[in-house]
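Q: The lines below spell out each chain.
2 protein chains.
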Amino acid sequence: MNGKIFIIEDEPSIIQLVQHNLEKNGFIVSSSLNGNDGLKELKKFQPDLLLLDWMLPDLSGIEICKNIRKDNSFKNLPVIMLTAKGEEEDKIKGLDSGVDDYLTKPFSFNELMARIKAVLRRSNPNTVSDNLKFDDLMLDRIEKRVFRDDQEIKLGPTEFRLLEFFLINPKRVYSRDQILESVWPNNINIESRTIDVHIRRLRQSVNLKNKKELIRTVRSSGYSLI
Amino acid sequence: MNGKIFIIEDEPSIIQLVQHNLEKNGFIVSSSLNGNDGLKELKKFQPDLLLLDWMLPDLSGIEICKNIRKDNSFKNLPVIMLTAKGEEEDKIKGLDSGVDDYLTKPFSFNELMARIKAVLRRSNPNTVSDNLKFDDLMLDRIEKRVFRDDQEIKLGPTEFRLLEFFLINPKRVYSRDQILESVWPNNINIESRTIDVHIRRLRQSVNLKNKKELIRTVRSSGYSLI
DNA sequence: TTAATTTGTAACAAAATTGTAACATTTAAG
DNA sequence: CTTAAATGTTACAATTTTGTTACAAATTAA
Numbered sequence: 000m001n002g003k004i005f006i007i008e009d010e011p012s013i014i015q016l017v018q019h020n021l022e023k024n025g026f027i028v029s030s031s032l033n034g035n036d037g038l039k040e041l042k043k044f045q046p047d048l049l050l051l052d053w054m055l056p057d058l059s060g061i062e063i064c065k066n067i068r069k070d071n072s073f074k075n076l077p078v079i080m081l082t083a084k085g086e087e088e089d090k091i092k093g094l095d096s097g098v099d100d101y102l103t104k105p106f107s108f109n110e111l112m113a114r115i116k117a118v119l120r121r122s123n124p125n126t127v128s129d130n131l132k133f134d135d136l137m138l139d140r141i142e143k144r145v146f147r148d149d150q151e152i153k154l155g156p157t158e159f160r161l162l163e164f165f166l167i168n169p170k171r172v173y174s175r176d177q178i179l180e181s182v183w184p185n186n187i188n189i190e191s192r193t194i195d196v197h198i199r200r201l202r203q204s205v206n207l208k209n210k211k212e213l214i215r216t217v218r219s220s221g222y223s224l225i
Numbered sequence: 000m001n002g003k004i005f006i007i008e009d010e011p012s013i014i015q016l017v018q019h020n021l022e023k024n025g026f027i028v029s030s031s032l033n034g035n036d037g038l039k040e041l042k043k044f045q046p047d048l049l050l051l052d053w054m055l056p057d058l059s060g061i062e063i064c065k066n067i068r069k070d071n072s073f074k075n076l077p078v079i080m081l082t083a084k085g086e087e088e089d090k091i092k093g094l095d096s097g098v099d100d101y102l103t104k105p106f107s108f109n110e111l112m113a114r115i116k117a118v119l120r121r122s123n124p125n126t127v128s129d130n131l132k133f134d135d136l137m138l139d140r141i142e143k144r145v146f147r148d149d150q151e152i153k154l155g156p157t158e159f160r161l162l163e164f165f166l167i168n169p170k171r172v173y174s175r176d177q178i179l180e181s182v183w184p185n186n187i188n189i190e191s192r193t194i195d196v197h198i199r200r201l202r203q204s205v206n207l208k209n210k211k212e213l214i215r216t217v218r219s220s221g222y223s224l225i
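Chains as they are written, first to last, in numbering that gives the first Met the number 0: chain C, 0 to 225; chain V, 0 to 225.
A pair holds if it fits inside one copy or across any two, identical chains being indistinguishable in the list.
Derived DSS-like pairs (lysine-lysine); straight-line CA-CA distance at most 25 Å:
#1 Lys-42 x Lys-65
#2 Lys-211 x Lys-143
#3 Lys-3 x Lys-116
#4 Lys-116 x Lys-143
#5 Lys-3 x Lys-104
#6 Lys-39 x Lys-3
#7 Lys-116 x Lys-65
#8 Lys-104 x Lys-116
#9 Lys-3 x Lys-132
Please keep in mind that the hints were generated in silico from the structure rather than gathered at the bench.
With these hints in hand, go ahead and build the complete structure from the sequences.
A: What follows is the structure, encoded as structure tokens:
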């Protein structure tokens, strides 16, 4: 992962948390605690993406966003807006002002990361290197391929999404409900037993001979990688 | 070749010659006849490279160059300076002001082209690719021809753009929506199934006998080269 | 203009994927 | 050991997705 991210956010603890984690993930990060400083710094920093707080001491996030869109050198700068709970009703307004995505506080860093990747992938594919690795397994989200060591593993769409899901937090145990919610398109109704079958299919593909089992069953809880 | 080049030059005949030839080579070109206009236009045009005449009616090329270097959004804009004979003694001064390369008038277009390529290759490699290659496939963007090994492949316009699109990021999987957005002129409405048919046509042309399949179908995701 | 090429879509064929049921096996508790 | 619950396995029909072909409309060349 590489690319520059700028943060405008008045809550120092959030800045610290996000900045630290983004840097750990290979991004170059800079930030401002208010809108006016932010707009100035932005010019110097030339980021690939902007994280923007909705409520700031001086300018609102929306005003900043509109400012940015007027400036030709930032015309296509992707913006992710951070909003506090209860501001949801304003979402549409925000989207109209040219925001690329939203995140409601409090959010998990993983969620933020996912949004950042998604947005960057659209605007500037080179900044996002998207390989998920675990043990001798490698999943390439861009080429949609999976390898174990150097041997390619062919997966169907659902198996791919399932493995992708596990790889984001390997080792973590997920219940069938959690898996269902994250891996299947929303509002779909399938039996929880169906997941077992897909796990079985995934296992069959992933467990090459002479390789150790990668998917763990946690009785009465769910599944995880191991 | 692709990329945007801006020219600031007060001699219309030179502009015409250079602009015309650059466009024939796939560049998008815009120009101004004096320094003040040029500086304004530059902002709008956001070029990948600037051709700058040394002597201009209002500002000197050097002044323009210094101006540009002060502006953060142009910090790394490559500049090639055009000088008339007899100004050589000033070359060093010019280089200090942040010019990337020089060309003494009169110059041949080929010479200019060589310098442009050299400079662009350093600053922005993606803009300098006359032909796209992948495996035994070669697409010449200038002559609009495609070869597999040495055998020419005739493609229709849409097939050509489609292949060109894939060749920029081969291996990467694109959804039908992404393909549609990038390969078809904006605001056009076609069914996503239509892409399948064009893929089929492209395959038929590209897959010569005894050659391996080059276009991969990724079920429920899209297509890529392979 | 006419002829030739290119393009988008519909319609059908083929292939891959999916969900579920039914049965088998394993596990944990008593 | 027996039993019940949870999970593994298999087969299969239904659905979804993609491939293929044909054709009329649109575009371009002659």
